[in-house]
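So the sequence lines, in the order shown, correspond to chains Y and P. The first sequence runs contiguously to residue 391 in UniProt numbering. The second sequence runs contiguously to residue 307 in UniProt numbering.
Straight line, CA to CA, 25 Å or less: simulated SDA-like cross-link-like pairs of lysine to any residue:
#, chain 1, residue 1, chain 2, residue 2
1, Y, 366, Y, 279
2, Y, 261, P, 61
3, Y, 261, P, 68
4, Y, 188, P, 270
5, Y, 366, P, 58
6, Y, 261, P, 145
7, Y, 184, P, 279
8, Y, 78, P, 97
9, Y, 161, Y, 374
10, Y, 188, P, 265
11, Y, 261, P, 129
12, Y, 177, P, 268
13, Y, 177, P, 264
14, Y, 78, P, 283
15, Y, 366, P, 123
16, Y, 243, P, 129
17, Y, 177, P, 267
18, Y, 78, P, 113
19, Y, 177, P, 272
20, Y, 330, Y, 28
By construction, these hints were calculated from the structure, which means they are not laboratory data. None of the values given here were measured: they were computed from a predicted structure.
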Amino acid sequence: MKSRFLTRSVCSLAIASATLFGGIAHAQMKVGFMATLSGPAAALGQDMYDGFMLGLEQSGGKLGGVEVEVIREDDQLKPDLAVQTVNRFIERDQVDVVAGITFSNVMMAVANPLAESGTVFVGMNAGPAPLAGERCAPNFFFVGYQNDQQAEGVGKYATDKGYNNVYLMAPNYQAGKDAVGGFKRYYKGGIAGEVYTRVNQPDYSAEIAQLQAANPDAVYVFYPGGMGINFIKQFRQAGLLGKIPLLSVSSFDGSTLPALKETALGAISGSFWGADFDNPANKKFIETFEAKYGRIPSQYAAQAYDGALLLDAALKKIGGKYQDKDALKKALREVDFGSVRGAFKFNKNGFPIHDMYVFEVAPDSKGRISHKTLQKTLPNHPDSYVGKCPL
Amino acid sequence: MTFNLVLGQALNGLQFGLLLFLMAAGLTLVFGIMSFVNLAHGSLYMFGAYFAATIASHSGSFVLAVILAALLMFVLGVLLDAGGLQLLHRRSHLDQVLATFGVVLFANELVRVVWGNAPVYMDAPEALAGAVNLFGVNYPSYRFAIIVIGLLVALGLYLLIERTRIGMLIRAGATNRRMVSALGVNIGWLNRFVFALGAALAGLAGAMVGPILSIEPGMGEPVLILTLVVIVIGGIGSIRGAFFGALVVGVVDTLGRIFIPIWLRESLDPAMATAVGPALASMLVYLMMAVILAFKPDGLFPVKARG
Numbered sequence: 001m002k003s004r005f006l007t008r009s010v011c012s013l014a015i016a017s018a019t020l021f022g023g024i025a026h027a028q029m030k031v032g033f034m035a036t037l038s039g040p041a042a043a044l045g046q047d048m049y050d051g052f053m054l055g056l057e058q059s060g061g062k063l064g065g066v067e068v069e070v071i072r073e074d075d076q077l078k079p080d081l082a083v084q085t086v087n088r089f090i091e092r093d094q095v096d097v098v099a100g101i102t103f104s105n106v107m108m109a110v111a112n113p114l115a116e117s118g119t120v121f122v123g124m125n126a127g128p129a130p131l132a133g134e135r136c137a138p139n140f141f142f143v144g145y146q147n148d149q150q151a152e153g154v155g156k157y158a159t160d161k162g163y164n165n166v167y168l169m170a171p172n173y174q175a176g177k178d179a180v181g182g183f184k185r186y187y188k189g190g191i192a193g194e195v196y197t198r199v200n201q202p203d204y205s206a207e208i209a210q211l212q213a214a215n216p217d218a219v220y221v222f223y224p225g226g227m228g229i230n231f232i233k234q235f236r237q238a239g240l241l242g243k244i245p246l247l248s249v250s251s252f253d254g255s256t257l258p259a260l261k262e263t264a265l266g267a268i269s270g271s272f273w274g275a276d277f278d279n280p281a282n283k284k285f286i287e288t289f290e291a292k293y294g295r296i297p298s299q300y301a302a303q304a305y306d307g308a309l310l311l312d313a314a315l316k317k318i319g320g321k322y323q324d325k326d327a328l329k330k331a332l333r334e335v336d337f338g339s340v341r342g343a344f345k346f347n348k349n350g351f352p353i354h355d356m357y358v359f360e361v362a363p364d365s366k367g368r369i370s371h372k373t374l375q376k377t378l379p380n381h382p383d384s385y386v387g388k389c390p391l
Numbered sequence: 001m002t003f004n005l006v007l008g009q010a011l012n013g014l015q016f017g018l019l020l021f022l023m024a025a026g027l028t029l030v031f032g033i034m035s036f037v038n039l040a041h042g043s044l045y046m047f048g049a050y051f052a053a054t055i056a057s058h059s060g061s062f063v064l065a066v067i068l069a070a071l072l073m074f075v076l077g078v079l080l081d082a083g084g085l086q087l088l089h090r091r092s093h094l095d096q097v098l099a100t101f102g103v104v105l106f107a108n109e110l111v112r113v114v115w116g117n118a119p120v121y122m123d124a125p126e127a128l129a130g131a132v133n134l135f136g137v138n139y140p141s142y143r144f145a146i147i148v149i150g151l152l153v154a155l156g157l158y159l160l161i162e163r164t165r166i167g168m169l170i171r172a173g174a175t176n177r178r179m180v181s182a183l184g185v186n187i188g189w190l191n192r193f194v195f196a197l198g199a200a201l202a203g204l205a206g207a208m209v210g211p212i213l214s215i216e217p218g219m220g221e222p223v224l225i226l227t228l229v230v231i232v233i234g235g236i237g238s239i240r241g242a243f244f245g246a247l248v249v250g251v252v253d254t255l256g257r258i259f260i261p262i263w264l265r266e267s268l269d270p271a272m273a274t275a276v277g278p279a280l281a282s283m284l285v286y287l288m289m290a291v292i293l294a295f296k297p298d299g300l301f302p303v304k305a306r307g
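Chain P on its own, in the form it takes in the complex (with noise of 0.2 Å):
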């Protein structure tokens, strides 16, 4: 175990929790401050992949492929809340559960009926092909830019809730959303755009790992999952609990599906260790969720104030 291979895990963590943080940041959005259960968001996730995988082969640029799959996203998150899921907003969560959920359903069989159903192929830019060298640790460029790019997006948006009037808007209606509206606030536009702003940022992480995932039906609901997982241990509407939320879950998913079964190999007997290892591995994150919400049942960066 050298120190080469826990900080490339460790940044294998990191490209895995920004990556998970595009998610939920764009999660918690819509479900603090629109109070809107949206199940179907790792389809949203599913549609940038696709779109972007799309373009990428009609137009050999990624870069265009990447910028028009997330902006292709924003559009059908407009038309998607005005087409219909805008009507949910004031139902029960678990009416926009089942809702949503029907979603995910439609949404994969939509692509496989107009994608077919075997993967579609995207590649990587021949330009992030390589490796760069960090610290003496070859990591693939590829994993590294979607790294800087998780991380300028979490830049992005601290800036646009901190520092602008729309941020302004959004944490007060995370916070307090009849107050908001009692201002004068259009609600319902100023839903619109954060629901349309969370699809995008799913269809960009869709559209980024394009080149390292298989792009098929159904590939929105692992992540979705962890995405879930993420907000609730960050606290539910908070972007700065997402996104340390979903680094710790990165880091902690990834350090432990490697270190886990080599720490029971050295403590017990061979065949019980690749029994046990991996299984402990993949529970561990819920382990640590469990354990999380028994001390902070609101999560880790809960927004304080309801209304």
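Just chain Y, same shape as in the assembly (with noise of 0.2 Å):
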């Protein structure tokens, strides 16, 4: 009796998750922030909301001279949910901006009542595909990337490199099977082998060792978060660190360097943005986030800081008349709000171009473990959908 009981518990205990909570102010207009604030991944939504904030409170609480208030929501990393907030923003709050959201499959569950309300979306992290091409929609203003653009500037890094027999990795899901895709769109060499592994899977030492038999030129992996700092213990566990080169997109980055500290060393990161870019705007942000929140920020926290930015310019250039919608859109698509990472442009699906680069993890200024930027990868590089964009 009790086994059988049981059985179902597993069941019913792989169903349920995490919590709850949000929080509210007064102001004019109103921005619904969404992100993942609570569960594993909540420090990323945490970055993201941390990181907006600075934008704001920079510009003094406003918005291109506009007060603002923010109505913050958590998804909890549930698609069913996240419509549900996204919803209520749009119909009862009546937010003029709808802002955040951490991850892709959260982002295509609210893209139709999203698109279809016409309310200005900044999207600060999540980039799929199919919103880049055939379901663009013009209220939708991606400050992030493409999700395929970091992985493709690690591509063209690897065939630069001349690497010739590189071993892939990533989750079993959607993201997974992109970070791979869009590798492979700019790598030109063979492939030693192609490995998908369970998601949110903790034990990669079967994996490993599977890789250590196929004597790769380079592994190339995508393990966001916890994955990300599992897999990279392990490899080092194993005696590889060092050995193989191990290239990767959104895996040791601001989020899990924290945790991984020397552990990580040496691993090769693609992104659009590093902490150590020499620009006044970035030079500010860090300095300024640093003070504020006694960390180095990440690049979630890069791209919500940015998504402030764009906002205030926006606003600035149409004089803060933010109940026109279509001019806010206009400005959105053309303003030039000096991006953190530098050069920045919408291309016609909302999507940036902008330039990739690597990094290597390496100790900072001040000792402490972050990147260091490499090379530049793809200059004013756009993503590779935007020509199925209708728009």
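Reconstruct the complex from the two isolated chains, following the hints.
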């Protein structure tokens, strides 16, 4: 009897997970900010929120001179809950701008209601391919990146380095396959193996032994969050870190390096932004973020900060008339807001055209573990789906 | 597919299985003897990992961190039981599931509040940073240490349960608790000891995975699900069942993950194999559970009589 009962418990447990919450203040223009703020991935959403709020604070709690009320919501990484929240933003709260969104599956779920409502949407991380291609919308502005872009930059790097036998690993879900697909698009060499692991798999010892047996020139992985920490700890313990070049996207970044410390030294990452970028906007961002939050900001914080800068610049351009949605959209598309990443402009699908770089995990000027810019791989890089966008 | 690769993977499976055993032993003791479904067992594992990481970063000693974390979890187990969980013992299993699931949510948020959202750092001790050579296979020493400690704990538990008076009472309690209390044994005290022992084992497991896994809120849930599978397969309340069940799950899961995609690639076209292989591999343990339960509904090593 007990065992049958337990069998059922196993199933019900597999279904359930984390918690809620949101906060409200008041002012004029309303921004509905939604990100993943609880559960294992909460660090990403928290960095987005902190980055966005920092940008807002630096323009005096205003964007383009307009008082702003931010309604913060946690999507809990649940697409169904996210749809409800976005509908509430649009219908009950009547927000002027929806911002945030950490994960692509959540983004895909809310894309339809957002596109139909015409509400200005500023995406600060998730950039799934369909929304850059056939499902692009005139009210979408992705201030982060299209999911494939970073992987494409690393693929180019692997080609430039002359690697000819790269081993590919990613979790078995859409983003994992996209990260591998993006890499392959710009990588011209051979493939030593292609392994898809379970999502949130904790242990990679078996896969690493298999990888070792394949003896590749380099390893390319996409393991966001805790998966990346698990993977690289075990990769290093197998004595492979430093022996086989480890290339990655979205794995050893600002969200995982504080837990990895020296463990990740030498790993290569692809991105469009690095904490060591030498431009005035970035210097100000890094300085103020560290002063306020006491940590090195991650890419997630940088993207959201850029989102605040973008809104601020666009609203300034139209004299704060946020009620005029068409003018706001036009201004968002055209305005030069001085991104922390340097050169930035929107493509016709609302995704950025920007430079791709690779970084090495290395100590920064203060001796903390961070990223060191190695080289620019793809300058002025548009995403690969813009051709399918009917706009 | 060389002999070395198979042997290496078998060791990985063994190591994973022994880690699951540490979790399953505690859970099955609590469930078998107290008839208490504790979904928060994974949270105890998470706390073990956080305690160990915190102690290791302050003291610099890994051994001290692991021992202290297990001891602290024993104490926490006593406090938890005295502080509320004992009230649940007499309630129905569904009430227990609901209440302890609440504890899981609470624990995850508590960890977030105390240690923050970002994962916490913990490293393996210097002495275990290298690799050992076993029959020509270079195996990471730290994982080998987990195998050794897992086997020692299994031996210790076997001696405790089969050779001591407390063990006798625990076995008797698992079979017929009313008879044991009628004999004048303080069942409440016995329960508390068993619960704390389970907590200490979960804490030990958590402390030992610190250097190989990410220490983050919610880390207990994936392990808990596999642990429940282990005790269902092994037979609830049976330490022997937990031991063999854990080894079977560890080895089948590990070997399945590696060899199913390889085999499929030999027989299907590559695109199909890439799509089906990982999916099939991640279902393997559950398929195995279904098959075992179809033939042996009480698991492989059921505790015979029940009162």
